[in-house]
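Could you put the whole structure together from the sequences, leaning on the hints where they help?
There are 2 protein chains.
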Amino acid sequence: MTDETRGAPHVKNLTADNITENVNIINSKCPNPRSKYLLEKAVQHLHDFARETRLSTEEWMMTIKFLTEVGKICTDVRQEFILLSDVLGLSLLVDSIDHPKPATGTEGTVLGPFHSHDAPHHTENGGTVSHDPDGEPMLVLCTVRDTEGKPIQDAKIDVWETDSKGFYDVQYANRETPDGRAVLRSGKDGVFWFKAIVPVPYPIPSDGPVGGLLKHLRRHYYRPSHFHFMFEKPGYDHLITALYLRGDPYEGSDAVFGVKESLVVDLGTVSSEQAGEYGVQEGSRLLSYDFALVTEEETRQLKEEKAKAAWEKQGMRMRLLDGLPVPDVD
Amino acid sequence: MTDETRGAPHVKNLTADNITENVNIINSKCPNPRSKYLLEKAVQHLHDFARETRLSTEEWMMTIKFLTEVGKICTDVRQEFILLSDVLGLSLLVDSIDHPKPATGTEGTVLGPFHSHDAPHHTENGGTVSHDPDGEPMLVLCTVRDTEGKPIQDAKIDVWETDSKGFYDVQYANRETPDGRAVLRSGKDGVFWFKAIVPVPYPIPSDGPVGGLLKHLRRHYYRPSHFHFMFEKPGYDHLITALYLRGDPYEGSDAVFGVKESLVVDLGTVSSEQAGEYGVQEGSRLLSYDFALVTEEETRQLKEEKAKAAWEKQGMRMRLLDGLPVPDVD
Numbered sequence: 001m002t003d004e005t006r007g008a009p010h011v012k013n014l015t016a017d018n019i020t021e022n023v024n025i026i027n028s029k030c031p032n033p034r035s036k037y038l039l040e041k042a043v044q045h046l047h048d049f050a051r052e053t054r055l056s057t058e059e060w061m062m063t064i065k066f067l068t069e070v071g072k073i074c075t076d077v078r079q080e081f082i083l084l085s086d087v088l089g090l091s092l093l094v095d096s097i098d099h100p101k102p103a104t105g106t107e108g109t110v111l112g113p114f115h116s117h118d119a120p121h122h123t124e125n126g127g128t129v130s131h132d133p134d135g136e137p138m139l140v141l142c143t144v145r146d147t148e149g150k151p152i153q154d155a156k157i158d159v160w161e162t163d164s165k166g167f168y169d170v171q172y173a174n175r176e177t178p179d180g181r182a183v184l185r186s187g188k189d190g191v192f193w194f195k196a197i198v199p200v201p202y203p204i205p206s207d208g209p210v211g212g213l214l215k216h217l218r219r220h221y222y223r224p225s226h227f228h229f230m231f232e233k234p235g236y237d238h239l240i241t242a243l244y245l246r247g248d249p250y251e252g253s254d255a256v257f258g259v260k261e262s263l264v265v266d267l268g269t270v271s272s273e274q275a276g277e278y279g280v281q282e283g284s285r286l287l288s289y290d291f292a293l294v295t296e297e298e299t300r301q302l303k304e305e306k307a308k309a310a311w312e313k314q315g316m317r318m319r320l321l322d323g324l325p326v327p328d329v330d
Numbered sequence: 001m002t003d004e005t006r007g008a009p010h011v012k013n014l015t016a017d018n019i020t021e022n023v024n025i026i027n028s029k030c031p032n033p034r035s036k037y038l039l040e041k042a043v044q045h046l047h048d049f050a051r052e053t054r055l056s057t058e059e060w061m062m063t064i065k066f067l068t069e070v071g072k073i074c075t076d077v078r079q080e081f082i083l084l085s086d087v088l089g090l091s092l093l094v095d096s097i098d099h100p101k102p103a104t105g106t107e108g109t110v111l112g113p114f115h116s117h118d119a120p121h122h123t124e125n126g127g128t129v130s131h132d133p134d135g136e137p138m139l140v141l142c143t144v145r146d147t148e149g150k151p152i153q154d155a156k157i158d159v160w161e162t163d164s165k166g167f168y169d170v171q172y173a174n175r176e177t178p179d180g181r182a183v184l185r186s187g188k189d190g191v192f193w194f195k196a197i198v199p200v201p202y203p204i205p206s207d208g209p210v211g212g213l214l215k216h217l218r219r220h221y222y223r224p225s226h227f228h229f230m231f232e233k234p235g236y237d238h239l240i241t242a243l244y245l246r247g248d249p250y251e252g253s254d255a256v257f258g259v260k261e262s263l264v265v266d267l268g269t270v271s272s273e274q275a276g277e278y279g280v281q282e283g284s285r286l287l288s289y290d291f292a293l294v295t296e297e298e299t300r301q302l303k304e305e306k307a308k309a310a311w312e313k314q315g316m317r318m319r320l321l322d323g324l325p326v327p328d329v330d
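The listed protein sequences correspond, in order, to chains A and B.
Going letter by letter, the first sequence gives residues 1 to 330 in the UniProt record's numbering.
Going letter by letter, the second sequence gives residues 1 to 330 in the UniProt record's numbering.
Each pair may be met inside one copy or between any two copies, as identical chains are not told apart.
Pairs of lysine to any residue, SDA-like flavour, derived with a Cα cap of 20 angstroms:
#1 Lys156 - Met230
#2 Lys313 - Asp48
#3 Lys72 - Met62
#4 Lys36 - Glu59
#5 Lys65 - Gly208
#6 Lys156 - Ser116
#7 Lys36 - His220
#8 Lys156 - Lys188
Please keep in mind that the hints were generated in silico from the structure rather than gathered at the bench.
Being a predicted model, the structure only gives us computed values, none of them experimental.
If you want it as structure tokens, here you go:
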């Protein structure tokens, strides 16, 4: 229904049958068509959820209490709402909607709540990203290219991982300086490399309300061993991804649904020649991967195709505004 | 789909097309059938919302930030998530689902975020509920009966209202003792009465994230003048309601959608006889209403009918568990 076909709102005498339409009429004064559309859809789904399930006051108050606790436990370095979004599969879904990939591009996955903005910038390749003496040393030697195999130089690459105990630096109350994270630049031939440690599986934070939800659902808290990578380069779509170690006990049951077969890797072994070239021990572990970034233009086209398919499925007349769908009211 | 017909979850390689089903398979280990059903429906609606709107990462992160702020501003005496639920019409909807009323029962409305549990208990009728010297005195003289008109004695009745400036006691940082609220008992013939002040319209708290949302939506913050009542009596369905003053400028545009025609009243005038009987000034304002409580049994039957209609509309096989629908997996 468009604004034009809507009557004046009837805000009195609202019932389960007429409230949704009238709340949306009231909200329709919003001058931003995208906000208006998002609110209309959110209200429709929230109300349908309550009507379909016959949601009780007690259940809704428990939900209010849960959401309040999720908000309360958030700090500058802990984002429990992102964790909630992660364990409900919503984070992966939004990434796949916003960053669709052709078969030739590296797949994306969940950002997770542990990326920070204070990682040290490495001006040259070869730096040490993890200083944990208990971690098993691992050379990371990768390339970043476009989908046609052409190297991309000077891409900005955020990398981050846990320490050998499965904790990110930000999870330590006494953290003084960032560790296990860095911002790098790809060099000539799209190569970037650094010294890190072999990732380990770890539990997502389970002492908060999201942990309580997982316990209630009889789900485990673990993520399989992985290493995070995030790429930025003008002209290319932002890529948030991670590499997963094959054979991890949680490879098939990641608590946040991030694993994709194309991102699962076997660790290699540093050869004698590589040991000399990169200044690490021969025989130590090696993580290698060739990342492929998709152009912004190709991403835009893919998103447009998928958006059109989605609204045709709903039988709606839509148009794109800044690349995002809004109702076509003409 | 029932658990029996579901295969093992495929938690790897999730895409926008297969993630919802697989998240729900993972969540289906929950032994509580009602929780499992609520989670399944919540995940379905959340994911459908993202897919239908082509939700962007930026939009989702703004939502995460908004929800975090809603949680952060909550205190023991401020519940911003209830306020959010109120302004989206969800609170009124849930009340109408959980407390359906036959035509003979008093309609319910939103509880709002300002009910507290520390109101003074008045052991006798006739007490003073509001001590605000700037308020216009109002005698409240009501009865509570069943739907056949039989008086209900000894019902527990919570009443609450703002002061003359439109603020509830709990909104004052320096609040020392409750005011503008009380817990009463109906006497013989179901009568209850007390001294209060004429309600005034007031803005819901607009200095938090929900206020920001209303501003973005170009909505006003006002609730029309009203007085809250909540009834409890064994054997009768809990009634949360309020009375609204006819002619209020916000009667037709309540920010939280609570007004119902049957709850809108004209204030009367205290007669000479009433002035003597109730110890108030002749000619002062009078709020009178006959409330009708619905039995638990009648409410149960109404809820069951409406639940069955809702699941038949969805074409689902359901059964009731403690009065609430769950999928029928037999």
